[in-house]
Amino acid sequence: MNTIKRALVSVSDKTGLPKFCQGLASLDVKIVSTGGTAELLKKHGIPVMQISELTGFPEMLDGRVKTLHPKVHGGILSVRDNPKHQVHMKIHGIRPIDMVVVNLYPFEKTVADPQCVLELAIENIDIGGPSMLRSAAKNYRFVSAVTDPEDYDRILEEMRLNCGAMSESTNAYLARKAFTRTAAYDAAISNWLCSLDENGTPDLFPSSVTLQFRKSQEMRYGENPHQRAAFYVQPKASGSVVAGAKQLQGKELSFNNINDANGALELVKEFSEAAVVIVKHTNPCGVAQNPDILEAYRRARAADPVSAFGGIIACNREITGAVAREISSTFVEAVIAPGFDAEALEVLGAKKNLRLLQLSGTVGPDEAVPPGLEGFDFKRVAGGLLIQEADRHVLDPASLRLVTRREPTPEELQDLLFAWKVTKHVKSNAIVYARECCTVGVGAGQMSRVDASRIAVWKAQEIAREAGRTDNPVLGSVLASDAFFPFRDGVDAAAEAGAKAIIQPGGSVRDEEVILAADSHGMAMVFTGVRHFRH
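Under this note's numbering, think of the first position of the sequence shown as 1, with each following residue one higher.
Be aware that one or more of the hints could be misleading.
Claimed, not checked - Taking lysine-lysine pairs in the DSBU-like style, the calculated list, with each CA pair at most 35 Å apart, reads:
id, residue 1, residue 2
1, 84, 43
2, 236, 19
3, 30, 42
4, 236, 251
5, 138, 43
6, 246, 215
7, 215, 379
8, 43, 19
Quick caveat, the hints were computed from the structure, so don't treat them as lab data.
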């Protein structure tokens, strides 16, 4: 245990600081402080020694130099049980500093403003703060490095229980947090500066990238039982994301649960209207949009009830009791939604192992794009990292190009736009058949686009047969393709199956042949000019 007798306090974020320092003062801790922090503490009647009194030098160079002094770093770094260090301390009149309370200039917040200029960013790079934190964290056996206001109450409680002392284990915990914070801070500075070219002009992709994620949980295993795994989250991840969801009940999420929940959530966020998505192995097996969220769920599940068994459900509206009763009638791994009403929680609470994930905020396409690297998509390859902008393209219906003689009807156009949103989240090659804003058949991850179409039709027919229906489920549907048709055979197969309209990017050297095929079948076809590969 190390008794705290002197604390150096210099913070940018002053949340909870007066109360914390009052607590320190009540434990007879002498407080040394700088500039605005010292003024704040004085206003609250807390005795403070200015840093200039400790060092014998005034704060200078517009505040750039305040704590970079041997009497500061010597007081922090001295090893208390090293006789040689103690001799040096005595010779040079250096007094021990037992606690460093520092959080850093708001560099990340400053550069998040698109109008931030280089000069402003530079002045918000903290030098003394990280230096003191690193010194304190290095010497954690004797010094407490405090950088997170969330720890203030815990620290005071421990000190009160131990007559003003801190345990080495707590100091080690604080040291880890301090080094993590300074690493993230340095990474933010490096990433931002590396995003500027030699003329200071912002570039989309930094010349060097440093990433930091915090371990959220260790898992029983990864994709397979022989693989160890853990879940890491981005600090302060913004928006409605799986990493920020609150688990209300159920077993611990598995590696595959998290992966599938992310896929389901990202798809349901495409819809402004009430929608339900059911995902299995990262591909949607049932998607439906309907003003009545209960009807949306029923139709999404009926689209492929066999695949939906054991799937992940994502909804962009609150789960009601009526929806919960439908969900509880079958086996589901997890449900993710913006909320659950009281009746839904009671109904689903009977399914003790069912994982319920509640999101913060609304879920939809209007969600702001996260700044900087947060808005990028990363794919790890052996020895490297692929980085791209996340595919957040929203199709403007006015941009569609009609290429056939027949125009799609209003109902067909609505289905085409719906199917296009779904196709964006299906593994390539991807084909989606839809009718009345509900998926009819999905062909995912095939090497051939024609095979993807055939599988989607076969799935639709099998589902109808298992339900005891004799109708053609694809008749009157529309087809969406994530990339262009290289040959007319894909269109011929869709027409033979019963589809009446097609939405696709266009851009093939055989577009004319493909369009002629659609015209020969009396189909409507529109080009988006945008491809949605998903590998």
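Evaluated hints:
Between residue 84 and residue 43, the direct Cα distance comes to roughly 40 Å. Violation of the 35 Å bound is thereby established for this hinted pair. For the proposed pair residue 236 and residue 19, the alpha carbon gap of about 25 Å is at most 35 Å, so the pair holds. Between residue 30 and residue 42 the CA atoms are separated by roughly 13 Å; this keeps the pair inside 35 Å, and the hint holds. A C-alpha spacing of about 25 Å is found between residue 236 and residue 251, which places the hinted pair at or below 35 Å, so the restraint holds.
The hinted pair formed by residue 138 and residue 43 meets the criterion: a straight-line CA distance of about 33 Å does not exceed 35 Å. Note on residue 246 and residue 215: the hinted pairing holds, with a Cα-Cα distance of about 16 Å set against a maximum of 35 Å. Of the supplied pair hints, the one linking residue 215 and residue 379 holds, its CA atoms being roughly 19 Å apart against a limit of 35 Å. Straight-line distance between C-alpha atoms of residue 43 and residue 19 comes to about 12 Å, which keeps the hinted pair within the 35 Å bound.
Consistency with the previously given hints fails for number 1 only.
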